[in-house]
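Protein chains: 2
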Amino acid sequence: MNCKTEATTASQLLSPQNVRDLFDSVDAFLFDCDGVIWKGDKLIDGVPQTLEMLRSKGKKLMFVTNNSTKSRRQYAKKFHSLGIAVSEDEIFSSSFAAAMFLKVNDFPREKKVYVIGEDGILEELELAGFTGLGGTEDGKKTAQLKPDTLFEHDKSVGAVVVGLDQYINYYKLQYGTLCIRENPGCLFIATNRDAVGHMTELQEWPGAGCMVAAIRGSTQKEPIVVGKPSTFLMDFLLQKFHITTSKMCMVGDRLDTDILFGQSAGCRTLLVLSGVTTQSTLQDPSNHVCPEYYTSKVSDILEFLGP
Amino acid sequence: MNCKTEATTASQLLSPQNVRDLFDSVDAFLFDCDGVIWKGDKLIDGVPQTLEMLRSKGKKLMFVTNNSTKSRRQYAKKFHSLGIAVSEDEIFSSSFAAAMFLKVNDFPREKKVYVIGEDGILEELELAGFTGLGGTEDGKKTAQLKPDTLFEHDKSVGAVVVGLDQYINYYKLQYGTLCIRENPGCLFIATNRDAVGHMTELQEWPGAGCMVAAIRGSTQKEPIVVGKPSTFLMDFLLQKFHITTSKMCMVGDRLDTDILFGQSAGCRTLLVLSGVTTQSTLQDPSNHVCPEYYTSKVSDILEFLGP
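Chains as they are written, first to last, in the numbering used here: chain A, 11 to 317; chain B, 11 to 317.
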């Protein structure tokens, strides 16, 4: 299989000729955020105008992000600060997904959740009625290998949620490892496994995949992944928007998360080259994830449709 | 295969009846350290007397440890502080292995080595004539995701060595990731991949396998492993001691590192249950690494041989 040459699987370059067919057959556009809407705190050119046009034509918009550092509320705030009106319930973040996973699986309220990650996860846990601990607060703690000191952990932790954590340290790694190895039945939940991401405009940084791999390395357990490419969040999108997945188009910059998520859920797919994936990665023979369409950036939709 | 039941692969419990056969056919005993000689900073019962007896009977002793936090010099010092006379050249640590790997592969002297790990690696690199950076010093640095700041890294880094690092942080993860992803031909060397280890007497802690997995997660590259179970160090042991491997017995507490290392090198093998492996793990049907002998602790050799 090859996204460049095989007629049956080839990805089409989006163009003024084929954009109308995609546009007319889709009722909702699902956007990834990092590398699609923005890079770090900077909007990608033409995004606001494109989203505005899509809304004006009656398309539903949803934002599905693997970045777990923010809650839905914090994402809505970020959109507003960038001049884009998006409501909380149009946002589906992996921090929300982690909390919803516990909720739909009847995670006992009396159990606690240890977080290797940032505030977004803790806020979503609290909103869902769960008790989180760890997170940013434990970023200041140290765990040194001193003789005769026992590293204590809370035996009532029933789940460890691991996401992107710029305050990762040995204390948290030991805490999470002890919970998973020693608390009977303790769940190991990964918000996502992105290797790297455009956390800042200028470069890529280790993503949640780095922290998740660390805990997988120390516990030798496989995580439950709730973010993309897992389609766990799709049930929530469908409940909210009542649109069949074949009428949705997933727009993202990552093959192994966004495009795989869209394809697994039965959505149309559009890869944008404004984030982590280059055209040569897409067309490399080793790549087996072929989006239906690809283009340089989101605003090409606006440009190709014309006035 | 099963270490308990299959006659051809079954591991024998060491006993007064079979210890003599092993003892007489072996000229050198190779010991792992953590979980075999000591736990954290505490000697395991009977170790000094057993080592003394082995030496008095003309057996050569070597210590092969995956713990990279110390150099050979620092290990010799630790042995001495615990009342055991061991010379530097009887010690083969994964910190030494990392430096020797670069040496035998003619790593250019003008290139630098970034270290995610502790002082032992930096000291061995320096002794071998290489320039290391990172390590403990970078444990105090922070890398926060601020817009418009570019995280700079040294383009002359040609290898990243990853070992156990109790000062792991996002700064080091980003630094190592950038070197491996952006410096052409940059090597990714793992001292070892132990999931956990008895870094303190009272409990296990995440091992180098945790940090190595993190960098594997962010770079999506496979490391070159120089510690056990890789037999890379065996050439150095053979050069030093001129003993055929079939006359050596590897004594260790880990199936996936010590026993696999011994078996891969053609050594006799003895598992001790004083460290990470329990008898039920050894005899679990999912375990496929069966040592020739197993016993509770090193001093059983002394006890079973009798006066």
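Any given hint might turn out to be false.
Unchecked claim - Within a straight-line C-alpha distance of at most 25 Å, the following computed PhoX-like cross-link-like pairs (lysine-lysine) qualify: (1) 156/A to 150/B; (2) 156/A to 231/B; (3) 150/B to 150/A; (4) 87/A to 151/B; (5) 151/A to 87/B; (6) 307/A to 156/B; (7) 156/B to 156/A; (8) 151/B to 151/A; (9) 231/A to 113/B; (10) 156/A to 87/B; (11) 87/B to 88/A; (12) 70/A to 52/A; (13) 156/B to 150/A; (14) 52/A to 156/B; (15) 150/A to 151/B; (16) 250/B to 156/A; (17) 88/B to 250/B; (18) 150/B to 151/A; (19) 156/A to 88/B.
Unchecked claim - Just so you have them, the derived chain A footprint on chain B, three or more residues with Cβ under 8 Å: (20) 174-188; (21) 200-209.
Hints are computed from structural coordinates only; laboratory data are not their basis.
Virtual Cβ for every residue (Gly too), placed ideally from N, Cα, C.
Any of the earlier hints contradicted here, and which numbers? When the structure is compared with the hints, numbers 2, 4, 5, 7, 9, 11, 16 turn out to be violated.
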